[in-house]
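Visitor: So the chains spell out like this:
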Amino acid sequence: EAEVAQSPRYKITEKSQAVAFWCDPISGHATLYWYRQILGQGPELLVQFQDESVVDDSQLPKDRFSAERLKGVDSTLKIQPAELGDSAMYLCASSPGQGKETQYFGPGTRLLVL
Amino acid sequence: KQEVTQIPAALSVPEGENLVLNCSFTDSAIYNLQWFRQDPGKGLTSLLLIQSSQREQTSGRLNASLDKSSGRSTLYIAASQPGDSATYLCAVYNQGGKLIFGQGTELSVKP
Numbered sequence: 001e002a003e004v005a006q007s008p009r010y011k012i013t014e015k016s017q018a019v020a021f022w023c024d025p026i027s028g029h030a031t032l033y034w035y036r037q038i039l040g041q042g043p044e045l046l047v048q049f050q051d052e053s054v055v056d057d058s059q060l061p062k063d064r065f066s067a068e069r070l071k072g073v074d075s076t077l078k079i080q081p082a083e084l085g086d087s088a089m090y091l092c093a094s095s096p097g098q099g100k101e102t103q104y105f106g107p108g109t110r111l112l113v114l
Numbered sequence: 001k002q003e004v005t006q007i008p009a010a011l012s013v014p015e016g017e018n019l020v021l022n023c024s025f026t027d028s029a030i031y032n033l034q035w036f037r038q039d040p041g042k043g044l045t046s047l048l049l050i051q052s053s054q055r056e057q058t059s060g061r062l063n064a065s066l067d068k069s070s071g072r073s074t075l076y077i078a079a080s081q082p083g084d085s086a087t088y089l090c091a092v093y094n095q096g097g098k099l100i101f102g103q104g105t106e107l108s109v110k111p
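So the sequences go chain by chain: L and S. In case it helps, the numbering used here puts the first sequence at residues 1 to 114. In case it helps, the numbering used here puts the second sequence at residues 1 to 111.
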């Protein structure tokens, strides 16, 4: 069964350092999402891509976060510089079409900023 | 602004009990509603998706209902097992296709 892949699974970094996460969606899925989940809370959308274009990045802290999906397939989320409050689980999801179908989630990257 | 609330935040039951998890949302103009399961430190697994025109969906021991007019959904788990222990998340798709999550209910099923 096809799955969303994410790496790394765990990342420990010091504040002010740069960190990057990678996501490979299910093959053929046009829509890709990045979510942030703080411990004890539900995930919150950071950015949504339709193919290679950003559809929604209204909740992305653009002073330190960036995301790209250059060829409309895999995607990278970057944080520079990392802050203590960025410690969270970062989840990637994909869906086949325009974004109103079921979203399929990857295993997530757990980030700890020291 | 759509808000999703799940009650209770945590629940502990003995094995074999039937249980209900509750989810409420403030804006009834939703597209779909979805229930997810999340094991500690892991990603989300989709359990059930209810389209806005549907009243309920069933999968095995799970049954999810949707009442759009009252802004409520319930997830019913029959004959609970220790393997059901996890956090259960409710999420609604708004008309724009954005997924809004509740904070989850942490379920513990004791042997």
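Be aware that one or more of the hints could be misleading.
[Claimed, not checked] Which residues of chain L face chain S? A partial, calculated answer using Cβ under 7 Å: (1) G28; (2) A30; (3) Q41; (4) S87; (5) L91; (6) F105; (7) G108.
[Claimed, not checked] Listed next, with one range per pair, are the computed distances between beta-carbon atoms: (8) L:A30 with S:L11: 31 to 39 Å; (9) L:E14 with S:S53: 23 to 31 Å; (10) S:N22 with L:E83: 31 to 39 Å.
Note that these hints are calculated values from the structure, not bench results. Beta carbons: idealized from backbone N, C-alpha and C, even for Gly.
Visitor: Work down the list of hints and note, for each, if the structure agrees.
Guide: So, going through the hints one by one against the coordinates:
no.	hint	in the structure
1	G28	violated, 18 Å
2	A30	violated, 12 Å
3	Q41	holds, 5 Å
4	S87	violated, 13 Å
5	L91	holds, 6 Å
6	F105	holds, 4 Å
7	G108	holds, 5 Å
8	L:A30 with S:L11: 31 to 39 Å	holds, 38 Å
9	L:E14 with S:S53: 23 to 31 Å	violated, 51 Å
10	S:N22 with L:E83: 31 to 39 Å	holds, 35 Å
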